[in-house]
Amino acid sequence: MATPTAAPSDRIEERDGDVTYIRTEKDLPPVAVIDRSPITTRHKIIFGVIAVLGAIAWAIIAFFRGETVNAVWFVIAAICTYVIGFRFYARLIEMKIVRPRDENATPAELFENDTDYMPTDRRVLFGHHFAAIAGAGPLVGPVLAMQMGYLPGTIWIIIGAVFAGCVQDYLVLSISTRRRGRSLGQMARDELGAIGGAAAIIGVLVIMVILLAVLALVVVGALAESPWGVFSIAMTIPIAIFMGIYLRVLRPGRVSEVSLIGVALLLLAVVAGGWVAETSWGADWFTLSKVSLSWCIIIYGFAASVLPVWLLLAPRDYLSTFMKVGTIALLALGILLARPIMEAPAISQFATKGTGPVFAGALFPFLFITIACGALSGFHALISSGTTPKLLEKEGQMRLIGYGGMLTESFVGIMALITAAILNQHLYFAMNAPAAQTGTTAQTAADYVNGLGLSGTPITGAEITDAAEAVGEKTIVSRTGGAPTLAFGMSEVLHQVFGGTSLKAFWYHFAIMFEALFILTTVDAGTRVARFMLSDGLGNLGGPLKKLQNPSWRVGAWICSVIVVAAWGSILLMGVTDPLGGINTLFPLFGIANQLLAAIALTVVTVVVIKRGLLKWAWIPGIPLLWDLTVTMTASWQKIFSGDPKVGYWTQHYQYVAAKDAGKTAFGAAKNAGQLDAVIRNTFIQGTLSIVFAALVVIVFVAGVIMALKAIRGGGRPLTEDEPVPSRLFAPSGLIPTKTEREVQKQWDALPKSHARSVGTGAH
Amino acid sequence: MGRAAEIARQIGWYWGSLMGDNHYRRYVEHRRANHPGEPVMSEREYWKMRHDAIESNPNPRCC
Numbered sequence: 001m002a003t004p005t006a007a008p009s010d011r012i013e014e015r016d017g018d019v020t021y022i023r024t025e026k027d028l029p030p031v032a033v034i035d036r037s038p039i040t041t042r043h044k045i046i047f048g049v050i051a052v053l054g055a056i057a058w059a060i061i062a063f064f065r066g067e068t069v070n071a072v073w074f075v076i077a078a079i080c081t082y083v084i085g086f087r088f089y090a091r092l093i094e095m096k097i098v099r100p101r102d103e104n105a106t107p108a109e110l111f112e113n114d115t116d117y118m119p120t121d122r123r124v125l126f127g128h129h130f131a132a133i134a135g136a137g138p139l140v141g142p143v144l145a146m147q148m149g150y151l152p153g154t155i156w157i158i159i160g161a162v163f164a165g166c167v168q169d170y171l172v173l174s175i176s177t178r179r180r181g182r183s184l185g186q187m188a189r190d191e192l193g194a195i196g197g198a199a200a201i202i203g204v205l206v207i208m209v210i211l212l213a214v215l216a217l218v219v220v221g222a223l224a225e226s227p228w229g230v231f232s233i234a235m236t237i238p239i240a241i242f243m244g245i246y247l248r249v250l251r252p253g254r255v256s257e258v259s260l261i262g263v264a265l266l267l268l269a270v271v272a273g274g275w276v277a278e279t280s281w282g283a284d285w286f287t288l289s290k291v292s293l294s295w296c297i298i299i300y301g302f303a304a305s306v307l308p309v310w311l312l313l314a315p316r317d318y319l320s321t322f323m324k325v326g327t328i329a330l331l332a333l334g335i336l337l338a339r340p341i342m343e344a345p346a347i348s349q350f351a352t353k354g355t356g357p358v359f360a361g362a363l364f365p366f367l368f369i370t371i372a373c374g375a376l377s378g379f380h381a382l383i384s385s386g387t388t389p390k391l392l393e394k395e396g397q398m399r400l401i402g403y404g405g406m407l408t409e410s411f412v413g414i415m416a417l418i419t420a421a422i423l424n425q426h427l428y429f430a431m432n433a434p435a436a437q438t439g440t441t442a443q444t445a446a447d448y449v450n451g452l453g454l455s456g457t458p459i460t461g462a463e464i465t466d467a468a469e470a471v472g473e474k475t476i477v478s479r480t481g482g483a484p485t486l487a488f489g490m491s492e493v494l495h496q497v498f499g500g501t502s503l504k505a506f507w508y509h510f511a512i513m514f515e516a517l518f519i520l521t522t523v524d525a526g527t528r529v530a531r532f533m534l535s536d537g538l539g540n541l542g543g544p545l546k547k548l549q550n551p552s553w554r555v556g557a558w559i560c561s562v563i564v565v566a567a568w569g570s571i572l573l574m575g576v577t578d579p580l581g582g583i584n585t586l587f588p589l590f591g592i593a594n595q596l597l598a599a600i601a602l603t604v605v606t607v608v609v610i611k612r613g614l615l616k617w618a619w620i621p622g623i624p625l626l627w628d629l630t631v632t633m634t635a636s637w638q639k640i641f642s643g644d645p646k647v648g649y650w651t652q653h654y655q656y657v658a659a660k661d662a663g664k665t666a667f668g669a670a671k672n673a674g675q676l677d678a679v680i681r682n683t684f685i686q687g688t689l690s691i692v693f694a695a696l697v698v699i700v701f702v703a704g705v706i707m708a709l710k711a712i713r714g715g716g717r718p719l720t721e722d723e724p725v726p727s728r729l730f731a732p733s734g735l736i737p738t739k740t741e742r743e744v745q746k747q748w749d750a751l752p753k754s755h756a757r758s759v760g761t762g763a764h
Numbered sequence: 001m002g003r004a005a006e007i008a009r010q011i012g013w014y015w016g017s018l019m020g021d022n023h024y025r026r027y028v029e030h031r032r033a034n035h036p037g038e039p040v041m042s043e044r045e046y047w048k049m050r051h052d053a054i055e056s057n058p059n060p061r062c063c
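Which chain is which? The protein sequence lines are A and B, in order.
Every letter in the first sequence is one number past the one before it in my numbering, and letter 112, counting from 1, is 112.
Every letter in the second sequence is one number past the one before it in my numbering, and letter 21, counting from 1, is 21.
Bear in mind the hints are in silico, worked out from the structure with no lab data behind them.
Take these hints with a grain of salt, some might be off.
Stated by the list, open to error - Label pairs and their calculated CB-CB ranges: (1) B:Val28 with A:Ile341: 50 to 56 Å; (2) A:Ala264 with B:Asn57: 29 to 35 Å; (3) A:Asp10 with B:Asn57: 32 to 38 Å; (4) B:Met41 with A:Ile195: 44 to 50 Å.
Glycine included, C-beta positions come from ideal geometry on N, C-alpha and C.
Generate the whole structure from the sequences, applying the supplied hints.
Below, the structure written as structure tokens:
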């Protein structure tokens, strides 16, 4: 080894060939290992083979025609692309922009307090981060996007994740880690100034409200008129309360134990739902209309946000994590074992015409808007800032957690896409076209989808009814929202591998329960988060409102909860009573909101990169930012100004207003005067929201451009990175430790036990 | 046999850390190492503290 050289600070570097060891204290082993060894021949061959295999899989997906493409090729194409992206592109970002410094302490190490700041083993944190970012979006979006065929969706989910979604998550995580885990809103204020910051904070709050409303709408779509589904979801509340009391009173800290009991009870509830739905009283009690179901969810959302966390929210979160990870793994296994064949075309007629019944608009921009979270999700920026940095052990692990976490989410999106693509296309459109078009009965739905000009043999009304009965439902016509279609596809995959046709109905309701469970967990956690954002934002206005910032002031908490719940609840009710179908008018707004949040996050990131003097590499976040802005601004423009009433909210609004003024009581989808008024009101609200979203994001972007220009010219606001503090712990960076990292780890393990250890490292 | 037991132990460790089973044990170790002589919460109190922390600082769940 070369002689140690002391840097100006208390860092001591030792070089050994291509490897540099950095110590922050001379009596302790190194805290950081920088390995600059060139890529080995073995690795070159391995990555070469992966690249070739991926290219073959892509070629088969893209050019092989004749409806016999096997789902396994999608899995191979995805995984090979992810491996190459993670190894090369993420590495480039790491080397050129992030430049992790493992000799500096992360916020988790610095402020360790055994609650929210806790250095956590990277593999465990990967699990936490994934459980927090994975939600209904990547499951539902790709299902709806299947209307345009499997190819555009597959390309965007995989390529979009590698070049946009993962980049956003990774870079937001990295800038928040260097700022003691500050939230996206706070960072926007620090980096973009007061106006840009305020627009970002309001934008985040408004966007969150629409996201919660649309998610709740998806649950309503899945559960309405389904006593089986309603019963099993309703049972999750007593199960969660039981778990909460068990953990609080009987056996504190036995989280896995109680989660296993909870999951067993949950499976029982799914099975019991079938029995209950058979009885006359069960069908009577649990068959709820969309409106009453919405009220149930609104009341539940309010209760969950004001009840103690330990009673309902925390145990539901355990259940939801358990189910999410378990079911996604099960689905992956099912797809690999069943190896289903694609039924959908590569590119459908709706991709270019933009006349599809599931959502209106052409491939550009609406495919990207609809897929949303599967490829790029603004919401992740809220988790990558704030939550995850406070648990991170080492800066070098950010690539695995930020970039790798999003790759996993993209893979979930690909699986959702596969489950929708293997369904009979006539059935797919019968389930996803709005009731105004299918006419709600099996026969009218069959007539409608047969008229769409789909490939394959036409469907009969009896076949649609049989398909519904096979999954234990009375009808599957116009079960919009994506969740029922996904559940149907999952039951199709899973029954082939586990249990045969007799279990088809069980798997369908299992899937519905799984989706509804974690959507509701998002809704209650989201309501709570939005409540805190609101009270914090109002508190900043000063005066008597300042009192709202005190979290123990119950009255304030209740008032803010009511405001938040009323906001998303009213949009939810508007959606379920919408004569135009609800989900197909609101889902684009959800996608636009999510993608605009991503634009805010990418603006903040790009400004930080430019301020750090890395203008040369600003294209890495800059290209996804410009792409995302182009997509969302085009979509917003069309939603606001399009002359096509199916796409433009305002054109539709004025058509219905004109019809009303002309004294008509029925027009288009509106069958009576009440519905006519509903359409006029809804399109007004949706049109206004589109304008508000777009305006807020334009303000943030302009503030970003001004800051970036100032930074390029020299001057402007300084960076708000915190002063680094030397670290005193070591942990490997990648999933699998390298040989050098193992050796260093051994030195640390040999120390007496008094040194810092991360969560979970005790078992080694 | 030894190898299977080792893998099972690793999975158990992972799951326990992910869900939170061993967080209290780790807290006790951390207190003893960094704040010797100071009082250590009981497991019941510890989890009460953790849940109270989520109460005022909820973790968002993504869409």
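Check: Which hints from the list above does the structure break, by number from lowest to highest?
Finding: none
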